[in-house]
Structure formats: structure tokens, C-alpha cells
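Residue numbers (this note's numbering), protein chains in the order written: chain H, 1 to 318; chain R, 1 to 318; chain X, 1 to 318.
Check before you lean on any hint, since a few could be wrong.
As the list claims (entries may be wrong) - Just the calculated beta-carbon pair ranges, DEER-fashion: (1) R:S285 <-> H:I72: 46 to 56 Å; (2) R:E302 <-> X:E96: 53 to 63 Å; (3) H:G214 <-> X:D124: 26 to 36 Å.
Claimed, not checked - If you only want the chain X side, here are some residues facing chain H, beta carbon under 10 Å, derived: (4) Y85; (5) G174; (6) G247; (7) Q290; (8) K293; (9) T294; (10) L309.
Derived by calculation from the structure, the hints in this document are not laboratory data.
Don't be surprised by glycine CBs; every beta carbon is placed ideally from N, CA and C.
In case you want the letters, here they are:
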Amino acid sequence: MVLSDIIENLNLDTDINSTTVTVEGLNTLADANEYEISFLENEKYIKDLENTKAVAVFLKKEFVHLLPKNTIALTTNEPYLKLAYASKLFAPNSVEITGNKPTIGNNSNIMNNVHLGKNVKIGDNCIIMSGAYISDNVNIGSNTLIHPNSVVYRDCKIGDNCIIHSGTVIGSDGFGFAHTKEGKHVKIYQNGNVIIENDVEIGSNSSVDRAVFGTTLIKEGTKIDNLVQIAHNCVIGEYSILTAQVGVAGSTTLGRNVVMGGQSAIAGHLDIAPFTTIAGRGGVSKSISQSGKTWAGFPLLEHRTWLKLQGKIAKLLK
Amino acid sequence: MVLSDIIENLNLDTDINSTTVTVEGLNTLADANEYEISFLENEKYIKDLENTKAVAVFLKKEFVHLLPKNTIALTTNEPYLKLAYASKLFAPNSVEITGNKPTIGNNSNIMNNVHLGKNVKIGDNCIIMSGAYISDNVNIGSNTLIHPNSVVYRDCKIGDNCIIHSGTVIGSDGFGFAHTKEGKHVKIYQNGNVIIENDVEIGSNSSVDRAVFGTTLIKEGTKIDNLVQIAHNCVIGEYSILTAQVGVAGSTTLGRNVVMGGQSAIAGHLDIAPFTTIAGRGGVSKSISQSGKTWAGFPLLEHRTWLKLQGKIAKLLK
Amino acid sequence: MVLSDIIENLNLDTDINSTTVTVEGLNTLADANEYEISFLENEKYIKDLENTKAVAVFLKKEFVHLLPKNTIALTTNEPYLKLAYASKLFAPNSVEITGNKPTIGNNSNIMNNVHLGKNVKIGDNCIIMSGAYISDNVNIGSNTLIHPNSVVYRDCKIGDNCIIHSGTVIGSDGFGFAHTKEGKHVKIYQNGNVIIENDVEIGSNSSVDRAVFGTTLIKEGTKIDNLVQIAHNCVIGEYSILTAQVGVAGSTTLGRNVVMGGQSAIAGHLDIAPFTTIAGRGGVSKSISQSGKTWAGFPLLEHRTWLKLQGKIAKLLK
Numbered sequence: 001m002v003l004s005d006i007i008e009n010l011n012l013d014t015d016i017n018s019t020t021v022t023v024e025g026l027n028t029l030a031d032a033n034e035y036e037i038s039f040l041e042n043e044k045y046i047k048d049l050e051n052t053k054a055v056a057v058f059l060k061k062e063f064v065h066l067l068p069k070n071t072i073a074l075t076t077n078e079p080y081l082k083l084a085y086a087s088k089l090f091a092p093n094s095v096e097i098t099g100n101k102p103t104i105g106n107n108s109n110i111m112n113n114v115h116l117g118k119n120v121k122i123g124d125n126c127i128i129m130s131g132a133y134i135s136d137n138v139n140i141g142s143n144t145l146i147h148p149n150s151v152v153y154r155d156c157k158i159g160d161n162c163i164i165h166s167g168t169v170i171g172s173d174g175f176g177f178a179h180t181k182e183g184k185h186v187k188i189y190q191n192g193n194v195i196i197e198n199d200v201e202i203g204s205n206s207s208v209d210r211a212v213f214g215t216t217l218i219k220e221g222t223k224i225d226n227l228v229q230i231a232h233n234c235v236i237g238e239y240s241i242l243t244a245q246v247g248v249a250g251s252t253t254l255g256r257n258v259v260m261g262g263q264s265a266i267a268g269h270l271d272i273a274p275f276t277t278i279a280g281r282g283g284v285s286k287s288i289s290q291s292g293k294t295w296a297g298f299p300l301l302e303h304r305t306w307l308k309l310q311g312k313i314a315k316l317l318k
Numbered sequence: 001m002v003l004s005d006i007i008e009n010l011n012l013d014t015d016i017n018s019t020t021v022t023v024e025g026l027n028t029l030a031d032a033n034e035y036e037i038s039f040l041e042n043e044k045y046i047k048d049l050e051n052t053k054a055v056a057v058f059l060k061k062e063f064v065h066l067l068p069k070n071t072i073a074l075t076t077n078e079p080y081l082k083l084a085y086a087s088k089l090f091a092p093n094s095v096e097i098t099g100n101k102p103t104i105g106n107n108s109n110i111m112n113n114v115h116l117g118k119n120v121k122i123g124d125n126c127i128i129m130s131g132a133y134i135s136d137n138v139n140i141g142s143n144t145l146i147h148p149n150s151v152v153y154r155d156c157k158i159g160d161n162c163i164i165h166s167g168t169v170i171g172s173d174g175f176g177f178a179h180t181k182e183g184k185h186v187k188i189y190q191n192g193n194v195i196i197e198n199d200v201e202i203g204s205n206s207s208v209d210r211a212v213f214g215t216t217l218i219k220e221g222t223k224i225d226n227l228v229q230i231a232h233n234c235v236i237g238e239y240s241i242l243t244a245q246v247g248v249a250g251s252t253t254l255g256r257n258v259v260m261g262g263q264s265a266i267a268g269h270l271d272i273a274p275f276t277t278i279a280g281r282g283g284v285s286k287s288i289s290q291s292g293k294t295w296a297g298f299p300l301l302e303h304r305t306w307l308k309l310q311g312k313i314a315k316l317l318k
Numbered sequence: 001m002v003l004s005d006i007i008e009n010l011n012l013d014t015d016i017n018s019t020t021v022t023v024e025g026l027n028t029l030a031d032a033n034e035y036e037i038s039f040l041e042n043e044k045y046i047k048d049l050e051n052t053k054a055v056a057v058f059l060k061k062e063f064v065h066l067l068p069k070n071t072i073a074l075t076t077n078e079p080y081l082k083l084a085y086a087s088k089l090f091a092p093n094s095v096e097i098t099g100n101k102p103t104i105g106n107n108s109n110i111m112n113n114v115h116l117g118k119n120v121k122i123g124d125n126c127i128i129m130s131g132a133y134i135s136d137n138v139n140i141g142s143n144t145l146i147h148p149n150s151v152v153y154r155d156c157k158i159g160d161n162c163i164i165h166s167g168t169v170i171g172s173d174g175f176g177f178a179h180t181k182e183g184k185h186v187k188i189y190q191n192g193n194v195i196i197e198n199d200v201e202i203g204s205n206s207s208v209d210r211a212v213f214g215t216t217l218i219k220e221g222t223k224i225d226n227l228v229q230i231a232h233n234c235v236i237g238e239y240s241i242l243t244a245q246v247g248v249a250g251s252t253t254l255g256r257n258v259v260m261g262g263q264s265a266i267a268g269h270l271d272i273a274p275f276t277t278i279a280g281r282g283g284v285s286k287s288i289s290q291s292g293k294t295w296a297g298f299p300l301l302e303h304r305t306w307l308k309l310q311g312k313i314a315k316l317l318k
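Bound conformation, chain H alone (with noise of 0.2 Å):
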């Protein structure tokens, strides 16, 4: 797609002659390589202005002067919703017509009624069973056994030695819309994947978003119970343990080692530092920056101060 075509359909106000300008992409003015738009609507991230080296970036007038010299200024008081519009142009299909017949590996058992789409590759010895749907351009490693119903959506990856229940969904939409004046949502397309690395088992009936851009990362060894939501742009750190029923919200980080108890619940935007424990029902709403600590409740507290508040709440009664 070139630039012109983008500015054409989304009715921009600018005489930027553009039709020479490809443009394959949006993602974040700190992630964004020469082919791809960006913007800025949350004034957080006006340092990464300077920096970035998205060919355009959507962003009110008053700003324009903080781009790149060869950047190109897409003005609009709307940057966000803009961005939403333009998402849909680089929306993949959700089914493809044309490309190779999957690929499959030695020894590996392929049930009835599974889906396999184009360009989809899995490795030796997996086990895909019945009625698993895996879409187009999915990679699967070796060793690797996708339960009954289990779903991954196009374009993720999933590692070595993986276990993945029923009723699981990788890579669903991640939940990103922006909203008009008059309070309708626009959806931004969210045309990201889900990298699953190696020795991850993800129990039934979660579901783990796709990215927005990029990449919705859950690192080797990590185990995941049932029922849990990891929204999108999430990277879940190397043996970390999420039991049932926990969620995640998006873009949060979490370090390696980190232990999730039932229900528990962290805020999007976070980075939760190694080693963190977080019991059963905490509730997360800012980052952690010191590891190996136990936190509980909601507001959280350090699980010691927690039990202390519980001593207090407990006189109280007296």
C-alpha cells in the first residue's frame, strides 16, 4: 500500500504527495521501522517522538514540530480514531485462498475434522485432535499436543513440547477500540500474533489474545491454568505460574518465576519484576519493581502488611 491510498480513504486533509511512500504497517512511535505509521493520542509518549522512525505518524497539529525531519505529519484531532480507520486497511483476511498446503512433520497424528490452513507448519510428533482449528500460517514446533476444540487463530506460533486444552483460544482479537465523539467504538484491527515458546501447557477454556502490533509473548516454561485471560501485547516471563481464573491485562510484562494465585488480577501497562508472588484474588494496579516479593489484596499490600490490616479490620469487629 502506498501513503496516498491510506490519506485517500480516511478523507486526511493534507497535500502530502505520498504515492511513492509504502507503508506496510502501524505499530508504536518506539516500535515502528520505515514502512510502517504510527501516532501519538497519550501525551505519556511524546519523548518517543523524536526518535521514532515511522515513516508518518498521526498526531494533533501541535506537535508536528517534535517529529523527524524526514517524517511525514498526518494532522488530525482525532489521532487514535484515525489510527483505528487505518488498521482496517492492513487487516489480514481472516480466511486465505490462496497459499501451500501445510506442512507436517514425522510421526505426527492429525485427527478428523481438524483444521489445518494455508502455510500452516507443524514440527515431529505433535498431537492435533479432533476438531482443533489452526489457522493460517500457524507454526507448530515438535512434541507439541493441541487438545479437542482448542483454537489458534492465524499467524501465531506455538514452541516445542507444548500442551494446549480444549476449549482454548490463541490469539482472539485483543479487546482495542478507539471511540467517536458520539461514544460508538471504532475496532483497531489487531494485527498482531501470539508467540508461545517452548515447555508452555496452557490448561482449557483460556484465551490468550493477539497483539494489537507485534507480538503477545508467553516465554518458555510457563504454565497456565484454566479460564485465564492474557490480554494482548502482554510478554508473560520464563516459568511463570498463572493459576485458574487470573487475568491479564494488556501490554503488562511480567518477569520469569512469577506465581499468579486463583483469581488474581493484574492492571494494563505494568512491569511485575521476577520472582514476584502475587496470592490468590491480589489485585495489581501498579508495577513492581523490587523481585521475590509477596503481595495480596486489593488495593495491593505486601502480603505481611496485608495480614496486619487483616489484625486491625479484625479489632475493629471487637
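Given the coordinates of chain H, assemble chains R and X onto it according to the supplied hints.
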């Protein structure tokens, strides 16, 4: 069915000659039409007796005099239990044997391994992906995308421009039981449906239960995330946002543009004013009548009061 | 398998001549029979050593003298980790290649796209709807309805008059791992099953995990709503009611007629007295021995005490 069939089936003790009274279903006192039977169990609804159009009502002897003159009293000490037994008589088949072949609009893609039941209608430009189960009498509008392995139970309707992600179930039975004196539970067959209006998106592994009578309604433009529970007879207002792991209990009505944060929940039989925001983990146990406010915590407080409470708790800990 | 195979496979350092000792599986000290190996990791179970019938036990050297005379000591500094490695040796195949064709009773309707594994038995008047996966050795009683796209893993049993809604998974692996010194997790293969007794209904997108050894048991007449998590080795008593998004952690036992409100949860290894009611969001972290009481909050309080606490908190805010 005629009323005498029901009387016989339930072993009701009555002299009424009712072989000519047609009954087509069950409903609440307020909503029943002249071919429906209703019931009075909870005395909160006594006021609905005098205006009911129901052809007959299960109720205790002491309330019979409050019925309109032409309404037939089905006296019993266990009205709700009798309703449960009667509900089974009106339950449709799980699978229809006869009916019309599906009608499919132009340019719609029904993938392999999709089940389409009898009398199904699908509009133009839809994609119904593999493993989806679209049951009898389901009506799907145009430009709607149903992801793999999702399920739409019989009699439900989905509008135009909707997206339903994998593993989501539309129209499973609401959770309704009458209880015997011995503590056993008797199923109230859920003979209603679900209607999803236009421009609605529902994430993966969510459940929207069918109504016991009438309709569970998701209004236009609402966006629902993963692992969300919408119980029977809820009405979710236009352009609402329900994030992951939210739960809304039965018969609760949300106004338009209600926003619910992750893992928040609302109890049953409540009304929530338009433009209400419930913070993550908020638990709503009373109706909210003032629109446009933000709430948090459980029990629920206005968000600023909740912040004040956290300050007090911090002091308590010093 | 004979004990020497296990010793060799796990590289255990022992002189025992065990080529004639038959081992059929693994179990707890209390439940193991004379063909099963057990383990002692948590010292809370030391008292079970003296009466164990296990043929051999993984345990630390210091506890060997507490074993019955004929029990073989498999000394190790990491008993639980050794159990994990051993569990893999007894894990059945994900898919059986040989075995009998399914046996199906009179008047049962097995729809298209249903997978029935080896040795499956289905009673009379059942409906197994499209996309359901009924794995090897599963036994389903009569008059049971399995909705589309639900999954029953191998070796599980479902009684008469049951209803399992769409997307629900019966028998996925319990969440059990031993941990290496390096913080890696080693799967404990979940070689038990799930038994669901008669007259049980389970809503959509719920998960009931199989036992690590023995059985996860849902007793007669219990009703379970949507998105509910039942972990491995739980026993849910007769006529219990578990509403939406409830979680019950591993090895917890509920008495009969326990009622759990929405999003409530119970921690693992607890006993809950019959006729207990847990209000919505209640979080149970200790056993409840007195039957018939109502509880709320987290940490849990008797409901009336919890109400009192809310009064105190309201005062605090003035």
C-alpha cells in the same frame, strides 16, 4: 397445548374445565399475553397481579382474589416449582428434525465442518468459520464474522457487522431452578432466546445465556471481551464496554455506554444508569440511578469515596 | 510395569532387586494400594506413613524408619519431583489406537461431527450434539444431553439425566507441577478421571479437571453455571449450586447443598460443611465445619459479621 393438558400433567387439583383454553407458553405477570401462564412466588410482584393478561396463574390460595376476573387461578403452595414442571412442557427440541434448509445470502463463506440447523438464515458477506454450530431458527445478519468453534443455540438472532470470537457460546441455558422441600433442584427450562443487535463484538470464551422467557438482549454497538458472563434476561445497553472476566447476573439492565472494568460484576435484577463506569473488580449490589458516575470496590462506593477509604486504611496501618 | 523399570528410568540410587515387584500406578499414602507407589513431601502427611499400603514410597532418608516393614523405601531428596517423573511413565495415551467401537443405547442421537473414542459407552435416549468430543473409555448414562463443542476427556464418567452445555470441558488436566531447584516446572501427569453423577447440569465454558490420582467427583443433583473452575480432586456434594465464575481449588470437598454465589472461590485442600452458603465474591481460605451458615467477604466472615464490618467502614468514612 390446552390448559387441561398442563393441569393433568402437573396433577393439579382443580375442577376447571379447560380443554378449550389454548396455552402457548409461560411468562412473568407483567409480560404474559392471553395465551401464556404466569406465576406469583415472590410477593414483591403482587402488584402485577391485577393487570396481568395471563390466561392462568400459579399462585397461593390467599392471593386468588387479586386476580383479574377472567384469569384462571391455578392454586398451589409451590407456584415456582409448578412453573418449573410446566416449563418442561414448553421446551423446544434440542435438535429439530424437520424444517427448511438454511438460507444463505450472497458472498457468504460457510467453511467446512460448520453445522447449520433448520430454518437458519444468514445474510450477505458473512464468514462462518469451521466448527461453528449455528442451531435451528438462528438468524444472522450481513457482514458478520463467526470465528471457529463458537456456538449459537437455537432461536437466537445476531445482527449485522458483528464479530463473535472462538469458544463463545450464545444462548446456553440460563441458570434457573426451583427447589423442592428436600433440597433438590428442578430445572426451569429456558425457553427464551438471545438477540444481539448490530455492530456488536464478543471476545473468546464468553457466555451469553438465553432468557427464561423473552430475550437476553445485547444492544447495538456494544463490545464484550473474553471470558465474560451475561446471565439470562439481561439487557446490555448500546455502546457499552464489558472487559474481560466481567459477570452480569440475571435480569439486570444496563443503560447505554456503561463501562465495566476487568473482573467487575453486577448482581441480578438491578438497573444501571447510562454512562456509568465500574472500575475493575467493582461489585455492584444495588441499582445505580444517577448517570455518568464512576464507582469502585465491593461493596461499591463512588470512586472518589473509595479512594478516600483507601487513605483511611493506609492510616489504620501506621 | 515392574519397580526396577521405574528405578532405572528415574536413575534412582538403590540396590533393591525389584524386577518382580509389579507397579500399576501412583497414589497418596492414604489411598495407595499394594500395586501403587506413593510419596512423602509435605511433612503434614507423616502420620500416613505407618499405615500406607503402598508397595514403595519416595521419601527422604530421615523418614524411612517410619515405613511399614514391607514397604520399599525409594530414598531421594526430592520426593515430589521424583513422583512427577514417575507420573509420566503411567500416563495413558492421549488417543487410543486399539479398543472396541462405541456402544450406543436405544434411541440416542449422535449428531454429525461427533468424535466417539474407543470403548465409549452411551446409554439410551442421549443426544450428543455436533462437535462434541467424547474420548476413549468415557461412559455416559441415559437421558443425557451433551451440547455442541463440549469435550469429555478419556476415562471420565457422566451419569443419567445430565446436561453439559457448549464449550464445557470435563477432564482436562489438573494443574500440578513439581519444581526443580532452577525454578523449572515438571508436569505431574494427571492420571485420574472425573465422575459426574446423575441429574447434574453444567453450564457453558466451564472446566472440571481430572484428578491427579483417583477421581474429581461431582455428586448427584448438583447444578453448575457458566465459566466455573473445578480443580483436580475436588468433591462437590449432592445438590450443590455453583453460580457463574466460581472457582474451587484442588482437593477441596464440599458437603451437600452448598451454595456459592457468583465469582466466589474456595482455596485448596479444605472441607466445607453441608448447607453452607457463600455470598457472591466470598473467598474461603479455611475449612468450614459448622453446617448451615452463610458467609461473605474476603477474608471470609459470617455474613452478619460482614454486614457489621461494612457499617464500621461506613463510619470510618464519615
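Give me the numbers of the hints this structure contradicts, sorted from smallest to largest.
3, 4, 7, 8 and 9
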